[in-house]
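A.B. asks: Quick one: dock chain against chain with the hints and give me the complex.
Those protein sequence lines, which keep their order, are chains A and B.
Its first residue numbered 1, the first sequence is counted upward by one per residue in the numbering used here.
Its first residue numbered 1, the second sequence is counted upward by one per residue in the numbering used here.
Just so you know, these hints were derived from the structure itself, not from any lab.
Mixed in with the good hints, there may be bad ones.
[Stated by the list, open to error] Estimated spans, in silico, between C-beta atoms of each pair:
#1 B/Lys92 <-> A/Ser755: 53 to 61 Å
#2 A/Lys661 <-> B/Gly265: 37 to 45 Å
#3 B/Thr326 <-> A/Ser755: 56 to 64 Å
#4 B/Lys92 <-> A/Thr777: 37 to 45 Å
#5 B/Ser364 <-> A/Lys836: 50 to 58 Å
[Stated by the list, open to error] Just so you have them, the derived chain B footprint on chain A, three or more residues with Cβ under 8 Å:
#6 291-299
#7 404-413
#8 481-493
The C-beta atom is built at its ideal place from N, Cα and C for all residues, glycine as well.
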Amino acid sequence: MAASELLELIRLDGTVEFIPLNQSKGVVQIGRDSTCDLVLDSPQIAGVHAILDYHQKPYQLVLMGERGDARLNGQAIQPRLRYELHPGQTLEIEGSILFLVPAEGALETVAPVQTETSLAVPGGLSLLPARPPDQMDEMIVSDMGERQATVNVDQTATWTVNVANGGSLVAAFEIHVEGINPSWVTILPPRLNLNEGGKASATIAITPPRHPSSRAGSHHFAIVITSANYPGRRSLRGATLVINPYQEFTVSELSPRQHSVTWFKRTVLSQLQVANLSNSEGVFRLEGMDDEKALDFEFKIPSERASLATRAQFTLDPEQALTVPVRITCRRRTFIALTHHQHSFTVNTSLVDSPQPARMLLGYVRRLPLIGPLLIFLLLLLGAALTIFTFYPRITFTALPSTIVAGQATRLEWSAFPPFMVTVTLNDEPVPAPRGSQNLRLIKTTTYKIKANTWLSTIFPTLAATQTHTINVTPVRPEILLFEANPEQINAANQGVIISWLVLNADEVSLVNTTAGKEDKLDKPYGARTVNLEKGSVYVLNVKNNSMPDQPVQKQLTIPLIIPVPVIESFSLSTETINAGQSVTVKWKVRNAAKVSLEPGAAELPASGELVVTPKETGAIVLTAVNGPETVRAMKQVTVRPPPAAAAPPVIDAFVASPEKGVGSASGKLTWSISGPYGKIELTDGSTIWNNVKGTTEYDEAIKAKGSKGFSVTETTLYTLTVYNGDQKVVKTATVTIDPPPDPAPPVIENFSLSPEAPVTYPVTVTLNWMINDPWTKFELSYDDRVFSTDKSSPNYDSTLKAQGSKSIAAVNKPTMFVLTVWNGSTKVVKSVTMK
Amino acid sequence: MLRKTTFLLLVIALLAAFLLPGCDAVSNLPMPTQLPFNLPGARTPTPAEKTLLVYTVLSEAQINAYKPIYEQENPGHKLILERASTWELVRKMIAEKNAPRADVVWGLAATAVLRLQAEGILAPYEPDAEGLRRLGTVNPRMRDRATPPYWIGHDVFVAALCVNSAKMDEQGLPYPKSWQDLIDPVYRNKIVMSNPNISGTGFMTISAWIQQMGEANAWKYMEALDKNIIMYTDSGRKPCTLAADGKAPIGISFGSAANDERKRGVAVEAIYPEEGSGWEVETIALIKKDVINPDAVKFVTWAIGDSAMQAYAKFYPLTSVKTNITTPPGFTLDPITALIPNRFLWASANYDRIVNDWTGRFESKAESSAVDVPEGFR
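The shape of chain B in the complex, shown without the other chains (with noise of 0.2 Å):
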């Protein structure tokens, strides 16, 4: 009896040892294609994620006109917005460039986006055929020219002088009509601008200038105006929102934020200077990543589509795709004959120089360095 159950342990032990090292490598065959993303930045998006991080400059007003429209379109997928002033985003995302954590970065200005693009931040835009179609009808000048695109603009912003009439007619300034009229000693505090060393609308801006006056007399032309300058803000929109708000009667900000201010009820008047105003261009754009998370192209493609140039449409005169909303109440004029002709390339590769110089100059009545801004401006 003890030798056959011997035999039979023997005989267990022997199959044991022949059957398990083979189950244990059935088992840990590894899944051809499923990959396993766990490096850090890398996302797997799983059918009950479908969420998207997108940075933004965007304004609220835009944010919210636009994501429910996204969300309501595509059930189920929901975006994260991170919003940032321009060129802090830009340092953000340089920083983040070796981890980057965002899918998408949405609005951002092209002279910015192109210092993305040469970072090496970006991805591609691959779309399918429905994003290729998009793309097809997306104005040429208003996106990246190569093929596939690493960013595409889909609306323009024009800098405009937000006039506060109230305020205007109070104080008995008279309205201004051109960029040289700003320097008149009868608008001493009088004018709010955005900082360019944040605000894109602020760079975009000065550059304008330099590129309109040349560098000596743009500078000198910025010296003079500074005497009038209250406070630089680090909002582009801001200047504007001060305006409405009557805490001073002109801000140099861009003609669609009056445009939302005058929504509320505010006597703002958007005016375009008659030297012409510069413009830029609200791109979007893929942010490189190990794995391009597929609804972020996807995103990308509604981005460019008929419903979300709509809704650019209600705060843009331009966008990069035709459609049928006219030019949006409240622009005095036709935005596009004011504008000068933008080098994006050029403003975007002298960024940090100006903006030094700028600093250097004008630091002081910054908003973020709070050395002479006014009680009441911050």
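Just chain A, same shape as in the assembly (with noise of 0.2 Å):
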């Protein structure tokens, strides 16, 4: 029975334990579950992972969890089956290895058996310390040669032994060999009968075998030969086989053979198991190598406490065999690469001072870089994002009030990102910065959509940003104010009408007179233009907001043209009856006339007056008055007696002004007397005529043949007289003189004076005395620059300033001469005096 086993677990991190299997417990948990017996700290690892039984030989494991990875000898396990693990083997979970430890003494080696009755053991391994002693039979004799014999393994060693029948009866004689494997033996024959006296040989060869049971040294044995036929009686002959060593040793291959190291992880486990399978004890040798000196090897051996770096040497007796873990470190690590690095090392073993050649295990370690392709494609992957965050438009777009009324402001804001290498366009036109607003009067709802585009987004339209903002407008609706026409109507044709108009909310204004056809633009929403009208007509006015250019509002206005018929109020003669010469007066008041005329008299004449005729005969006097296609006529019979003589001229009896001389300017009256016939009487200043026609704009009620009228003028004036009888003139002027008023007198200064007139030091005081006698209209007191005045409208106007008075001057620092200067209108007195 072997002693109790041990698990030797190396983890990840290389540190070795061993668990000790308790045989009353019987099994043993392996798990990442802290109540396992063996924990082992992975994410792939279940809570109890792996159960090994170590109740019954060989050992069995059931695998429990799912995940991970778990080899046995290097082989994957599937779980939930059952497999045998024997000792040597080797456990691999998730990179932590375990090793099942053979108990001291365990190792499959052949003991050799002794028991009490027999020297023989089975296994062939001599238990005998020395050449046992011959032992000598009287009935049962026996006698052999060299007692001890050496050979190699697979060689025979031969003794003869020769027996002779001491006794007296004819015997069979058993021939066997004690303390030996008797497998090695053959003894021929290995039964004699002798007779009585009889003599007899056997041979006994032993071969043993190329094993390392075939242990190299000296075997001692007992060839015994009984007889059944002398029973309790035996002869032993003691002799000594020696056996050559030889020396041979397997290695098994490494495990795991090939490993992959990180930037984190440069330490891998491997191991190997070397057997003895010498006949004698052997000691060897491990040596780690590899060409780019990149690795370290360390070699835990058992029995060291230290783990040994490069190479490592133990002892193995025969048929040993021992497991040992390499540790594997890459000195190098990659930082980036899109490949890993191999490295290939050897493991030498060999047998020291032995001819047997070295074995060399070659491995593999994948040197892996920090940045290897797949993080290389995740940084480029990461680049990509990060390009795409960065060159990816983005846009932020308002505009506030988004509801206007149209003319209103609303206010666009935009801001795009990034904020360099964008081009930002609003509605396709750029704008200079990707920040930016503008202010907007719209007249209609209008849709703005801005654009930021990057290069990115110039590669892949679709990753533009884009955004659109509909700012809806609220149409205006224009309103007349005013449209009217003055006159309403028009009586005549080419009567001129003003049309007056304002509005509100125009952008458009055109004036249309239907009637011509014309439509003329307006310039301005609100103004008034004289029309002549030859005709009735009718006026649109249109008005148009841009907010609604297809609802313009129209105000229609109507222009009649309304000829009424002329209407003679009043016709009437102041005499009937006339002397040939005379003349009658006639008077007329007509209205909703354009024409008036008298027949006798005049073509053109004014819808209301008196008119001095003189008909040559008895007649009719008509008068006719035309407005448009009406016509009215009005008819007085005069009855003209025949001219007793000719007619005489008027007379002007006197015509005169008074006063007829002013200065300056004069007011007063002009009187006149007219004796005789007269008609028109005319009074004229040069610039403005009166007369005595009624009905004329020149007609004044004080035009008659005695009459005066009252004058202002302010400049010389001649007033002419003219009297009329029929083709009889007198004319008689009277002139009204204006002289240009005389020059003011000149104003008197009574006194001007100083005080100090001569002062002992300067700066000092000046007090100014003066007296101006009436008239005056203005004086000045200046010295120096200064100047003050009595002028209320001169910027130096001084209220203090009277006529009699004085005036204190401070701080005058030097001789001065001090001016005053006295006006009456144009006239001017000067007077000055000088401080010494």
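C.D. replies: If you want it as structure tokens, here you go:
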């Protein structure tokens, strides 16, 4: 029975633990759970990942965990299946290695079995410390020559034993060998029948096989001869077989043979098993090496407390095997590479002082870069994501207010990201900066689309950032506040009419004369214009606001041409009978007439008035009033008596102006007296005419045969009085002469003095005294560049100045001349005083 | 060792490549609500800057009265006011239409502000609840009828004659009672009025004459009146100032100008001609910009509020929100009774035509042309 066995655990970090297998328990739980006998911490390891049952042999292993890597002697094992675990085998779970260490002395060596009754041990291992002594018997007589033979394994050593029947019976003798593996022994013949006193020989051949159990060294044994015919008797001859040593060993494959190291995990663990197949103890040497000198090797030998670097040496008994963990550390690390680097290495196992060739195990370590192809791919992916994040255009776009009345201001604001290498367009028109604003006055609902582009979105147009805002514009309806004509109708062709308009909310205003088919664009929403209409007309005012261009507001204005029938309200003669050459005064008053005429008399007359006519013979005086197509006539009969004499010219008895002269201006009266027959009287001052003909614009009721008229003139004026009688006329003039006003009298300066006149020191305060007699209009007091004036309109006005007064002037620091200037109208007097 | 360093450097480089763009992206993210305004004309108010640029035609006296009230009631807020005559300001704002500078236009006559509205220069007033409440108190006839309104009137000013009593008595001139009285030759070179091409008061006046008399008669009237005119001033208030200074006995101006001069202690009387006077509404409006400054809206809300109305009422007898202030002293009659039915829309539409005609006739006496303007009147 073996002693208690151990489980050796080599963790990922290289630490080694030994877990004794407690026979009383019989089971080892392996897993991540802290209650397990063997705790392995890895995310891939289940709470209870594997169970090792060592109640029975060979041990049974069941993998419970579904995930992770588990290998038995390098072969992957499946969950929920039962596997046998033999001593020396390795179980690898997620990089941690479990090694079942055989109990001491439990190596598969063959130990000789010694019994009390027999020296023979089935295993062939000698248990006899020395050659057994010969035992002689008188009945069974034996003899043999050389007692010791030396052979190599697989060679045969022979001994001859002579047997003699010393008894009195014919007897059969049995020959056998004790103390050595019977399988090595061949006895010929193994039985001898001898008569009494008879002799015979038998050959004993011993051939140790080439097996570690054929231990090198001396193997003592005994040749025993017995006979059933002589019970209880036997003859024994001791001999020794010396086996020469031979050397042989085996090395298992590295497990695992191939490793991967990373930036962070540079050490890996492998193992190999060395078995001594010699028939003698062997000293083994392990040595790790790699051509690139990039790897460090450490060997964990159970008999050594520390791991041994590069090479190690240990001793194994025959048939003993040892599993040696090899920790391989890669000196180099790769930061970034597209592929891994593979280091090949060898672990040489040799038997010291032996011609046996060394065993070289080849292994591989793959050095994985920190940033390998996958990470490079991920970094490229990250770079691409960053690039997209950076250059993926984004934009913020606001429009406030978003609902306006046409013409109201609204403001667009935008901010694009990134703030560089971005192109922003507003309704496809580029804007100067990625961040900006624009004030707008809109007349209709408008959608604004802002778009931000970077080089990225130029390549991938779908990435362009676009935002739109619709600004809803409420249209504004124009309003016509005023559209009128003055007068509202015309009474005759070519009459002037003033058309006035005033509109609100107008962008376009036009005035259409629908009668004439003429349209005028008006440049202002208000105004007035005078039009001459030949006929009745209809005007339309069209007002349009651009926010509703299809719905202009219109207003119609009808200006009718209404021609009234002329009405002769009065028509009279001063007398119906006259003498030839005499005149008659005709008075009339007509309304609604465009043209008034008198026959005989005048073709063009005002609507009302009076006219002196002189019919030559008896007949009718006809007043005709015409208004367009309407004509109305009135008639008065005048009887003309034959002329007694020729018509006398009118006589101006007097025409005088009073006063006839004035200075500067004159107001007064013109008086005149006319005698004899007369018709029209006309008075003029050269610019204005007054007459006695009613209905004319010059009519003045003061103009009559004896009359007067006031005047007010500022310059010399010539008045002319003309009196008509038929074709006779008399003219007389009167002149009002205006003389220019005389120059005003010069003002008198009674006194102008100063005190003190000659000061001792400067500066000094000077007092000026003056007295001015009337008349005067203004005066000024001056010295150096200072002026004091009584003129209120002057900037130098000084309200303290009086006709008689004084003024103190402080801080006069030099001799100064003071001047007093006094005006009376345009005449002035100057006086000065000087302070010395 | 070298390999280890190389490895570390590579790891750092990879981390940097990963992280840096991310950091950059975070730091470049735009703020979703804070919008910078950097266009011409767009100003972003900050807590430290609470100034408003306001275009106005209000007189210095009015500004000196109104501005401190606003700034006192709104600590930290400051008004920057740029003054101009009515039609100069209109032309300026039309020129600035595409790059407006100011936030608010204040005091502009309704006739003028209608032009700005038609030009699309104004922004609607869309206030908070308090602003809406105040808007509800405004006389609906004195504001834009649209909702939200583009302009809101705050007071009414009325054309009137400023008559210097002392000068009238000194020169023995009769007090005019009507517009027709002014063409009497007795007033030859005695009258100053404002240039309607520049002054809102001037245009208000001649617009009213045309509406009252008809075009032809109004032009005849103005031809006759021109004989008595010394100068057409650039400012609507200046005729009253000249009258107060004694440079002309009569100035055609507006009632509150006479009132202001009386406050100076000058014997100036406001005469509302018996035919009726032209009148205008002073308005306030927001100027359309890319971004409307919220403080501008608050300012308009203030300008139609009680304290502002109280201030207006000290200058004008009629405000768009009733106040407890009685007619300012100096108004010789109830100005309300003197108002003609004014047609603002017609006046606004016909402004160019009328002033072109007027300029062709009377430009030589305009203060700005300086052709026939007598010495001492500029």
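A.B. asks: Within the region 404-413 of chain A, is the number of residues with a Cβ closer than 8 Å to a Cβ of chain B three or more?
C.D. replies: holds (count 4)
A.B. asks: Okay, lysine 661 of chain A versus glycine 265 of chain B on CB: inside 37 to 45 Å?
C.D. replies: Holds - the Cβ-Cβ distance for lysine 661 of chain A and glycine 265 of chain B, about 42 Å, lies within 37 to 45 Å.
A.B. asks: Within the assertion that chain B covers the region 291-299 of chain A, do at least three residues meet a Cβ-to-Cβ distance smaller than 8 Å?
C.D. replies: violated (count 0)
A.B. asks: Range first: 37 to 45 Å. Now tell me if the beta carbons of lysine 92 of chain B and threonine 777 of chain A are that far apart.
C.D. replies: 41 Å, holds
A.B. asks: 53 to 61 Å was suggested as the range; check whether the CB atoms of lysine 92 of chain B and serine 755 of chain A agree with it.
C.D. replies: 57 Å, holds
A.B. asks: Can you tell me whether the CB distance of serine 364 of chain B to lysine 836 of chain A sits inside 50 to 58 Å?
C.D. replies: 54 Å, holds
A.B. asks: The hint says 56 to 64 Å between threonine 326 of chain B and serine 755 of chain A; measuring C-beta to C-beta, is that right?
C.D. replies: Given range 56 to 64 Å: holds, Cβ gap about 57 Å.
A.B. asks: Apply the coverage criterion to the region 481-493 of chain A and chain B: a residue qualifies when its Cβ sits closer than 8 Å to a Cβ of the chain, and three qualifying residues are needed.
C.D. replies: Check passed, 4 qualifying residues.
The earlier numbered hint that this structure contradicts is number 6, and it is the only one.
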